Every structure is written in structure tokens, then in C-alpha cells.
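Peer 1: Residue 357 in my numbering sits at position 6 of the sequence shown; the count goes up by one each step and never skips.
These are calculated hints, taken from the structure and not from any lab test.
One or more of the hints may lead you astray.
Unchecked claim - Cut-off 20 Å, straight-line C-alpha distance, at most; resulting in silico cross-link-like pairs (EDC-like, lysine to aspartate or glutamate):
| no. | residue 1 | residue 2 |
| --- | --- | --- |
| 1 | K407 | D380 |
| 2 | K355 | D380 |
| 3 | K355 | E388 |
| 4 | K407 | E394 |
| 5 | K386 | D410 |
| 6 | K355 | D410 |
| 7 | K356 | E388 |
| 8 | K407 | E388 |
| 9 | K356 | D380 |
| 10 | K386 | E404 |
| 11 | K407 | D373 |
| 12 | K356 | E385 |
| 13 | K399 | E385 |
| 14 | K386 | E401 |
| 15 | K399 | D369 |
| 16 | K407 | E385 |
| 17 | K399 | E388 |
| 18 | K407 | D369 |
| 19 | K355 | E385 |
| 20 | K356 | D410 |
| 21 | K407 | D392 |
| 22 | K355 | E394 |
| 23 | K407 | E395 |
What the hints assert, rightly or not - Quick list of simulated restraints, FRET-style, between CB atoms:
| no. | residue 1 | residue 2 | range |
| --- | --- | --- | --- |
| 24 | D410 | I358 | 17 to 25 Å |
| 25 | K355 | R389 | 14 to 22 Å |
| 26 | E388 | T420 | 35 to 43 Å |
| 27 | G419 | R398 | 30 to 38 Å |
| 28 | I425 | N382 | 18 to 26 Å |
| 29 | G419 | G354 | 33 to 41 Å |
| 30 | E401 | P432 | 31 to 39 Å |
| 31 | E394 | V422 | 31 to 39 Å |
| 32 | L397 | F359 | 15 to 23 Å |
In this text the structure is predicted, and so the values were computed from the model without any measurement.
Glycine included, each C-beta is placed from N, C-alpha and C at the ideal position.
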Amino acid sequence: MRGKKGIFLLSLATDGSDGPTDAAGAFVDGNTWEKIERSADPEELLRKHESYEALKRSDSLLFTGPTGTNVNDIQFLWITPAGE
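Modelling step: build the complete structure from the supplied sequences, incorporating the hints.
Peer 2: Structural data, given as C-alpha cells:
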């Protein structure tokens, strides 16, 4: 996905909290890696299993607060022709 145009991924927890975090999930695209690189080494963060910190640095986290429901975790993957 890194550097690719037209690919987008949204992952979220319907209860508003992904595991022990305050984030409901995240939205990433082909530019996310580059955004992380501006302030940190993405490979190092992922090697340490610090995905929250990596996504925080790329401003990719989504916050909803508690939703009052817990249906499941949901992932959406969009793939469009490059450049659209």
C-alpha cells in the first residue's frame, strides 16, 4: 500500500474503542507511511508493535467516544483506478 494511489483502508471498532486505546480505529492510504516518516521511523515503531503511535504521528486515528454498541470490528478496503 505504501506509495500506492487509489488504495484506502478503514478499520474501526463499533464500540468506539480499539482494544485498550481511546481510538475507534484508523484510516490509512498510500501516503500514511510517508506521513509517519516525517517524525519517526515507521519500521522501528511497527517492530516494537507501536501501531497506535505510528498512526497518531500520521494523524490517521479516528475517535468517536463510546458508541453504546458493540457489533464487531469492521474493515473497509477501497481500491480504485490509480489517480481517482
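Peer 1: All the hints need checking, so say for each whether the structure fits it.
Peer 2: Status of each hint after checking the structure:
{"no.": "1", "hint": "K407 x D380", "result": "14 Å, holds"}
{"no.": "2", "hint": "K355 x D380", "result": "8 Å, holds"}
{"no.": "3", "hint": "K355 x E388", "result": "16 Å, holds"}
{"no.": "4", "hint": "K407 x E394", "result": "15 Å, holds"}
{"no.": "5", "hint": "K386 x D410", "result": "8 Å, holds"}
{"no.": "6", "hint": "K355 x D410", "result": "18 Å, holds"}
{"no.": "7", "hint": "K356 x E388", "result": "18 Å, holds"}
{"no.": "8", "hint": "K407 x E388", "result": "12 Å, holds"}
{"no.": "9", "hint": "K356 x D380", "result": "8 Å, holds"}
{"no.": "10", "hint": "K386 x E404", "result": "12 Å, holds"}
{"no.": "11", "hint": "K407 x D373", "result": "11 Å, holds"}
{"no.": "12", "hint": "K356 x E385", "result": "13 Å, holds"}
{"no.": "13", "hint": "K399 x E385", "result": "18 Å, holds"}
{"no.": "14", "hint": "K386 x E401", "result": "15 Å, holds"}
{"no.": "15", "hint": "K399 x D369", "result": "18 Å, holds"}
{"no.": "16", "hint": "K407 x E385", "result": "13 Å, holds"}
{"no.": "17", "hint": "K399 x E388", "result": "16 Å, holds"}
{"no.": "18", "hint": "K407 x D369", "result": "14 Å, holds"}
{"no.": "19", "hint": "K355 x E385", "result": "11 Å, holds"}
{"no.": "20", "hint": "K356 x D410", "result": "18 Å, holds"}
{"no.": "21", "hint": "K407 x D392", "result": "13 Å, holds"}
{"no.": "22", "hint": "K355 x E394", "result": "18 Å, holds"}
{"no.": "23", "hint": "K407 x E395", "result": "15 Å, holds"}
{"no.": "24", "hint": "D410 x I358: 17 to 25 Å", "result": "18 Å, holds"}
{"no.": "25", "hint": "K355 x R389: 14 to 22 Å", "result": "19 Å, holds"}
{"no.": "26", "hint": "E388 x T420: 35 to 43 Å", "result": "36 Å, holds"}
{"no.": "27", "hint": "G419 x R398: 30 to 38 Å", "result": "36 Å, holds"}
{"no.": "28", "hint": "I425 x N382: 18 to 26 Å", "result": "22 Å, holds"}
{"no.": "29", "hint": "G419 x G354: 33 to 41 Å", "result": "39 Å, holds"}
{"no.": "30", "hint": "E401 x P432: 31 to 39 Å", "result": "34 Å, holds"}
{"no.": "31", "hint": "E394 x V422: 31 to 39 Å", "result": "34 Å, holds"}
{"no.": "32", "hint": "L397 x F359: 15 to 23 Å", "result": "19 Å, holds"}
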